[in-house]
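Asker: Chains A and B, in that order, give the protein sequences. My numbering applies: residue 625 is where the first sequence begins, and numbers increase by one. My numbering applies: residue 18 is where the second sequence begins, and numbers increase by one.
In short, the hints are calculated from the structure, not lab data. One thing to keep in mind: the hints can contain errors.
Among chain B residues calculated to face chain A with C-beta under 7 Å, some are [to be verified]:
1. 96
2. 122
3. 129
4. 139
5. 150
6. 161
7. 220
Glycine included, every Cβ here is placed at the ideal spot set by N, Cα and C.
Each chain, written out:
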Amino acid sequence: MTISGVALLAICTLLGGFLGDLLGVALGVKANVGGVGIAMIFLIAARLWLVRRKLLSHGLKTGVEFWGSFYIPIVVAMAAQQNVVAAAKGGPIVIIAGVGAVAVCFAMVALIGRLSGRVETMDEIEAREAETLAAPVPHFKSGRVA
Amino acid sequence: MTMLAHVLVANSLITAFAAVGILMWISGAISKYFTFGRIHGSAIAIMLGLALAFLGGLFTGGEKGVADLPALTGIGLMGGAMLRDFAIVATAFEVDVVHARKAGLIGAVALGLGTVVPFILGVLVAAAFGYTDAESLTTIGAGAVTYIVGPVTGAAIGASSPVIALSIATGVFKAVIVMIGTPFVAKMIGLDNPRSAMVFGGLMGTVSGVSGGLAATDRRLVPYGALTATFHTGLGCLVAPSILYFAVRAITGG
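Extracted from the complex, chain A is given alone in its bound form (with noise of 0.2 Å):
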């Protein structure tokens, strides 16, 4: 059923969302610290669970992935609703201190990926899976569908 799909989601999104709550209480901050992220984690963690018990259904895996698929479009909207006018107003320290930020951070994620070595880009992992799972059946099958 997709509904158990999105329910599942739901249950996760708002038990991270909680205890993201809880957390930021007992740190002293007014603030969720990592809801989501816990979330993610339970939703990662439910997956793994369905996978090994054999419950993934399709109509449950519907119900998860149309969400994500959602993403861009929210995205989008949530661009779109930015107090953009503000951003501007501020001035030279704003601009001075965003774009500086900025490309500080920009220049360590290059740093810290060139000192860590090279990994597998999402290229290779996917042109890897789709290679194992095209080996066992000899079935037309053109790739993941994203």
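Add chain B to chain A, keeping to what the hints say.
Answerer: Same frame as chain A, but now just chain B:
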């Protein structure tokens, strides 16, 4: 006309689905015919979204971009924190546990650096612009972490309202540059694998910036970046009004 407006307002969320869909069709066409696929359609859609938010803000004088227009209030719901978090969590369904675990430690390092480095930079810029009191310096520094850490910190340590507004603006601006800039620098900084996406999420922090930027770069990287980025604001809210504030106060002697 008023009847049409009534339908749009009464079904605000449905209107938002239609409006965003149309915006994405237009972006896809621009990507295909004007940039020959070099700039991803979703990157263009996000930029158009921000541009519309700017126009909407000028037109309505409000704070929520196009969501302040009566017919488009649904955009506020669709792009609000509730559905955004719901959709981010859903992307975790695609996370490969093996890859995520490999990046665990390095993701934590990135989280720490991503809080401290922008903070120091923000404090230095604020100092260069003539702020000398520890409260203002800390608040603007916290704003350079994310636009939530800024006001939370400012409120906690008692900074003035204009300084808090400045810290929000800094954080929003940072998120906007991350959204727009990421697809352009992605190749240069090696953003093509789960591990660098997790490092990126930890360093950049702003969930909206990271998720928007990664979505425009490669949709498959979003869950990895979001996984670390969601801890970023919490960590910032934890250390900025405490340890980092005390450090700034010790240096300025205030």
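Asker: Which of the stated hints cannot be reconciled with the structure, identified by number in ascending sequence?
Answerer: Numbers 2, 3 and 5 - these are the hints that the structure violates, sorted from lowest upward.
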